[in-house]
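Novice: Here is what each chain is made of, one letter per residue.
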Amino acid sequence: MKEMICIVCPVGCHMSVDSNMNVFNNKCKRGEVYAKKELTNPTRMVTSTVRIESALQARIPVKTMDAIPKGKIFELMEMLADVTLKAPVKRGHVVIENVFDTGVDIVTTASLTE
Amino acid sequence: MTYDIVIIGGGAAGLAALHSAYEDGLKILLIEREKTLGGILKQCIHNGFGVHHYKEELTGPEYAERGIEAIQDLDIDVFTDTTVIDISKKKKEFTLSMMNTVDGEFDVKAKAVIMSTGCYERTRGQIQLPGERPAGIMPAGSAQRYLNIDGYLVGKKVFILGSGDIGLIMARRMKLEGADVLGVAELMPYSNGLTRNIVQCLHDFDIPLYLSHTITNIKGKKQLEQITISEVDERFVPIAGTEKHFDVDTLLLSVGLVPDIKMFDSLNMDISPLTKGAIVDQFFQTSVEGLFACGNSLHVHDLVDFVTQESEKAGEYAKQYVKEGSLRQKKLTSVMPGDRVRYVLPQKIDLTADQEGWTFALRATENAQRGTFKIYQGDALIMEKKARFIAPAEMEHIEVKKDLLVSNEPLKISLEVLA
Amino acid sequence: MYDYLVIGAGVTGANIARMLSKYELNVIVLDKESDIGNGATLANSAIVHSGHDPKEDTLKAKLCVRGNALYHELEKNLDVPLMHNGAYLLASDEESEAQLDTLFNRAKYNGVHAEFVPLEVAFKEEPNIAKDTTRVLSLPSTKITYPWEVALACMENAVSNGVTYKGNQTVNSIQKDGDIFTVTTEEGDVYETKHIINAAGVFVEKIAAMIEKDVPYKINPRRGEYYVLDRRTKGFVNRTIYPVPSVRGKGVLLVPQIHGNILVGPNAIEQDSLDDYSNTPDGLRWVRNEASRIVQNIPFDQIIRTFTGIRPSIYQYDFYIEESLEVDNFFHVAGIDSPGLTAAPAIAEYVEEILKGKMRLVKKESYDPKRRKLVLYNEMTKRQQQKAFDEDKRYGNLICKCEKITEADVVKSIHSPIPATSVKAIKKRARAGAGLCQGGYCEHQVLKLLARELEKPLTQVDYYHPSTPLVKTETKVKP
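Residue numbers (the numbering used here), protein chains in the order written: chain A, 1 to 114; chain B, 1001 to 1419; chain C, 2001 to 2479.
Misleading hints may appear alongside valid ones.
In silico DSSO-like links for lysine-lysine, alpha-carbon gap of 30 Å or less [what the hints assert, rightly or not]: (1) K1412(B) x K1330(B); (2) K2456(C) x K1219(B); (3) K86(A) x K2404(C); (4) K29(A) x K1385(B); (5) K2055(C) x K1222(B); (6) K1157(B) x K70(A); (7) K2393(C) x K1089(B); (8) K1276(B) x K2404(C); (9) K1374(B) x K1386(B); (10) K2124(C) x K1262(B); (11) K1385(B) x K1412(B); (12) K1035(B) x K2404(C); (13) K2393(C) x K2382(C); (14) K1055(B) x K37(A); (15) K1090(B) x K2404(C); (16) K1055(B) x K29(A); (17) K1156(B) x K1222(B); (18) K1055(B) x K36(A); (19) K2124(C) x K1092(B); (20) K1222(B) x K2404(C); (21) K2393(C) x K1219(B); (22) K2124(C) x K1219(B); (23) K90(A) x K2448(C).
Derived from the structure by calculation, the hints contain no laboratory data.
Required output: the full structure, derived from the provided sequences and hints.
Specialist: Next up, the structure:
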């Protein structure tokens, strides 16, 4: 049995999932979907920063445009450490394209002038 | 120079207030102490903002830039890198003293002032942590700034006191950037953060959350070396024998926010001991006529979306005040928190005002799966509203129609919890 | 080779250094801390006592009364801040009234002006004192200073008159060969000197034991815990308010501070440790309760921080200021607990007399007793502010809005005669971060100014002590 808290809505059901992927203690169908996804292919949005030169601040924030596999988060952090941008940069600028072949881009979330 | 409206603080609240206060022909000034607008959102790089207001999930900087873009073509004055140091009022005119590196110290006059100055973090001194006072103890928001704006980690082995969202978010951020986060301690038996953040910031990274725990000792002559946490009983007294020690170089505090309104001290406005912000009426006007308050400098919000909504109203009323010369009420009636309600805002209502009703923002004092908010006028129960998943960490909003009123007596809002 | 080596740059050592700088002598002051005045000087009640309290015919009585008078010279010549606000001593029952009489007589014997004031006057002057107060003794010569600045002012004046000051020097051995002492520090430096003055505060016995077999005193450190109330509480009490002393010590006081804050404390707890500055919940609770006995409705919701000081007490009652009985030219300045801050300039004078009895001291012609303090922007008149800004635009950049400290104030502190090289050192000189938010907003700006001015990376700017950087590592850099 695997225990987990559902985060789909504010109810926050404490669910259990058995080895056959049967979900218990969920109050609605969405909980079951969430639980199964968490156990088979958990994904997360990631927000972080990359270096930027010639701006008022030393880092510029970035995000994944969509959720990526949870197991890849630290690998992505390594990749972000290799990126350096130069101001000016617009919000939505693609920093890494199609990361891990997921179809998800990493983009900046702020515009920084020189 | 006399402005119709001066807005102090260019974060989420100030930007929204400006947007709604703007009208052709009105002279408006926005003052911001930093070099750029956006306020604290600029360092809140995580997502989850904007779900109510923009109906999509944004990061903090994105939310801020939407607000900035909405006002950038308006015909107004914006002073950035400028800090207000004092405000006084004579008759109906405000004088604001401020300074910057271009003009030094100078004054401007205003008919109306909107305070949207945000809040500051409670520090170690204010919560009186026991033990030694080495380097390495700081508010979580300061660490967030160093990390997200400047690109520096404040420590390699971290413990966090307080499970509010900023503490949880920083646990994940520090971990992602290579620090070891040993745990989060929370005095209350429940977390003050969103469930999503508990799961995605702590569970995802196997960071333990110690509920009903507090810090009982701090060691380190120069740099922080060790903290001790202990379990507390129902009265929050540490239980001997439950001590756990953690060798850390950093302790982040996420122990509450306080409205930053000291610069308004000389106006002597009435301040609520419950919110530590100004007492306002339904126009978001303080006890000083023409001075309006909104955002976290009025009361600390859970979601920036509500800051925006509230500040838009404050801006609207400030504009109305300038155009009509007064919103001055004949008689103000109090609105008080009752059982299980920590505070209600606005705290004063002019019942005679030409309005259909009012929306009250409030916070409960305890968690409840289900409950009923009861609105009393004097002894008469005038309205009930059922609610689910009530939490002190989340603001509630209750709309009360004017035609429900039965007298001129004060209003009181209580929460009844079903067993 | 130095003529005099002073160990300890607290308020005592700094006054002694200034005294020595009057003469044709080669003088050095060593302190183990990264900044001056970091021990008892930094954490005490900040009172320049009248001298009503020390027992008759003691050095404490004599040097307290003399020191109180000498503070006027420090105020005039060194720009030391002094608030001439007096004190009230309160009694609330027969027993404490009797003690008040004893203190009144002692004050008279010690040559201190004291007078009983009618209750209605006392309540009018200090409306918040406890309603059950039955008798009030006024001590008009009690004053308030900023103790740390006293040490800074003396040390800056000493340095400008030729004294050398070195911080981060922890003395760990003293040898004597013939007439020459060799002093070695943990940091690996070696100093030769003809005389040593041991003003090491709470470490005074430890230092003495490096050269003496039988140190003539034993240190008895006593912790004192305090609350600091925000400047908003200014005027809650106008004078220092004392209870009558009891077996539990001088009691918990309320003390208005130079910068507008109010101190509430201290307790007095004996401890073994020389450097455990912990706050304890029990200690603070006791302070709160005791204070509430003499003053009502204390605004404890305005606490901005708490701190602990350690009194360098010895088991003897009196100060111990003598040349060593075992080692010629080694001088003890020990047991300088309350009223040590008040007595400090008089202690320097007393040491001067001892030295004059031993050797001829030649006055330095170039000696200048004056030191001008760094005037902060918030201390200037409107016209001075305008002029300062016209000359230096950095006066327009407000760094700390709680205390109204500008970039120029911070930069000038960094480049002052005893330079501020850490975030906390800035806070002590320029008050940035000493306000309501305790540095929440300005700290990162102070840090960046320090890095810029000292030409160091951010990761090498200390919070205070060596190797305590506020930010530890830069992110997104490959090793």
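Novice: Against the structure shown, which of the earlier numbered hints fail to hold, in ascending order?
Specialist: 3, 5, 19, 21, 22
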